[in-house]
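Peer 1: One line per chain: the protein sequences are S and F, in this order.
Reading the first sequence from the start, the letters are residues 0 to 338 in numbering that gives the first Met the number 0.
Reading the second sequence from the start, the letters are residues 0 to 292 in numbering that gives the first Met the number 0.
Quick caveat, the hints were computed from the structure, so don't treat them as lab data.
Heads up, the beta-carbon is just placed ideally off N, CA and C, and yes, glycines get one too.
Take the hints with a grain of salt, since some may be wrong.
Chain F stretches covered by chain S per the calculated footprint, using a threshold of three residues with CB under 8 Å from any CB of chain S [what the hints assert, rightly or not]:
{"id": "1", "segment": "81-89"}
{"id": "2", "segment": "124-137"}
{"id": "3", "segment": "148-157"}
{"id": "4", "segment": "225-239"}
{"id": "5", "segment": "258-270"}
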Amino acid sequence: MYGIHDLAALRCYSALSRLTNRFVVRRLIQAVPTVLGIVLLGFVLVHAAPGDPVLALAGENGDAAYYEFMRERFGLDRSLPEQLLTYFTRVASGDMGVSYVQGRSTVALIAERVPATLLLTTSALTIAVLVSIPLGALAARRPHGARDVGINATVLVVYSAPSFWLAQLAILLIALKLGIVPVQGMTTAGSAASGIGHILDVARHLALPAIVLSLQELAALVRLTRSGLIDELHRDHIRTARAKGLSESRVLLRHALPRAALPAITVIGARAGQLIAGTVVIEIVFGWPGIGRLMLASIQTRDTPLLLTLFMTIALTVVLANLITDLIHGILDPRIRVS
Amino acid sequence: MASSIPGFESAELAPAALLPGAGWSPLRGMLMRPAGLAGLILLTLLIAVGAVAPLLTGLDPAAVTGPSLAGPSAAHIMGTDAIGRDLFSGIVFGTRSSLLIAISVGLVSAICGLAIGMSAGFFGGAADDILMHVTEAFQVLPRFFLVAIVIALFGPGLDRLIIILGLTSWPVLARVVRGEVLATKQLDYVLASVALGASRFHVFRYVLVPQVLPGALVLVGLIMGQVLLIEASLGFIGLGDPNVVTWGILAGRAQGLFRAGWWLAVFPGIAITSGVLAFNLTADALSARLQGR
């Protein structure tokens, strides 16, 4: 049997979870028009581009028979509303066309590259989160002190520097001069290592691009942690915690940091687009075999179907990242759910 | 809600610093801070370099004027590129075009962001709902990739670069402006002046505009810094306008030439970083000043 208090707690919990469910559903519904808008944008871009839209879909080097085939396939000979309908059904079924350079489905080409990009991005994000919290806390401890000014200035310069340039400098100084880590690629060319050997090889190649990619996120997060902590450390509950005689580090870590960390989640989510853009550029500099290299190749060969699919994939990923961020935020901060 | 510019989420502006008639005291306050001073000096310097570009160098940045891949020397202070174009004159003329891009985008997004944020906050209700949903949709568009695909489909050009970046950079501004308008509308002195018969135009002109503009200026400064970075990345991956020398295009020419010419990577990077830093430092100092810190 449940006691009376347990029952009250249960009722409270179920009310909370009902609220959460409603919040999740509402947030999912809100994302629908955005997703449709992005898909529509792809259609508009292809049709607004100068020249025959078949050129944008099939590239410029096809022959007449191929263009005819593509026209039929994408229904370009029909009316615009009909085309739009065909387009939406195709996208919904995951058919985004064929790369005319590689002759394969653009979705499959991108899917092949996603793991490498994901490995690089998640490593960078992990480094950024792990390093930014202690740095931000260190800076917030004595605002406008020497350490704070030093950290702040460094972080602002890093935040202002283009990521490809930091990557170029890292290659010049660390990879070429010191020779500690390899300059290019994801694995050593011709290496047949497997198992642990392979993992170590990839890790050695991953280190420099992941650190460089983490720098801008790191800079953003340090600024945020710092300003959040400084705001937080003035609040009453912190004064109470100090008055209780808690040590300063316990006040900082247990009482101030969790509340200051909440906006960090929002910012990581809101910066998803910038992070992917940064990844593309870093991949190009380091020859990392992810979607960035694919994008560069599609630009150089004017492979528009592939480029369009890439754009939509990235745009939808950003929408998804924002959605997840909001959901996490809503779960951690109940006030968001009701508003 | 989500702002992509960290450190400014809590930019609740202190009304005391913003009362109409505070005049140029923000500027004076900024000059008192080392960061603000450095930012303003850097910004003035860069604008001056851009303005008098032809006086600083006698060499055409697009013409072959020296041996290929020559290191920095008296004739070519920053060396030459793979086909012998002078890097220093490229940087000088690049300052002009890169700043022009950043300022144009800043203007477009300031107009959009202020108009939409002000209307949403001022009219409220259904207009607010609709405008904020539109803002949200624009905010999730990945700017860098949108410009990339537009340039790939439509061909390179500064016009489309400025239009697309301008039309996608305003959401953060609109949100902050809306929040500021909503908060200000509820202040006692505003309610009091409405009760005394102040017209909507009076409230708009003498209360909301002076209250919102300084904070908006901070965000526009940060947007211009971000635009410099996006332009640089686009130029770097080969999507710049080949007829216009920008910092990004210069940086892109270094790719694959690390061993042969370090200067090709180092100097354009310094130019871009100092440009972005100038905007960020100035905006940072202004925001600190407005918050009364």
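Peer 1: Confirm or reject each hint.
Peer 2: Here is how each hint holds up against the structure:
Requiring three or more residues with a Cβ within less than 8 Å of a Cβ of chain S, the coverage given for the segment 81-89 of chain F is violated, as only 0 such residues are present. Only when three residues or more bring their CB closer than 8 Å to a CB of chain S does the claim for the segment 124-137 of chain F stand; here the count is 3, and the claim holds. Only residues whose beta carbon comes within less than 8 Å of a beta carbon in chain S count, and the segment 148-157 of chain F has 6; three or more means the coverage holds. Given a C-beta distance limit of less than 8 Å, the hint that chain S covers the segment 225-239 of chain F holds, as 8 residues qualify and 3 suffice.
Note: the segment 258-270 of chain F has 6 residues with beta-carbon separation from chain S under 8 Å; the three-residue rule is met and the coverage holds.
Hint 1 from the list above is the single one not met by this structure.
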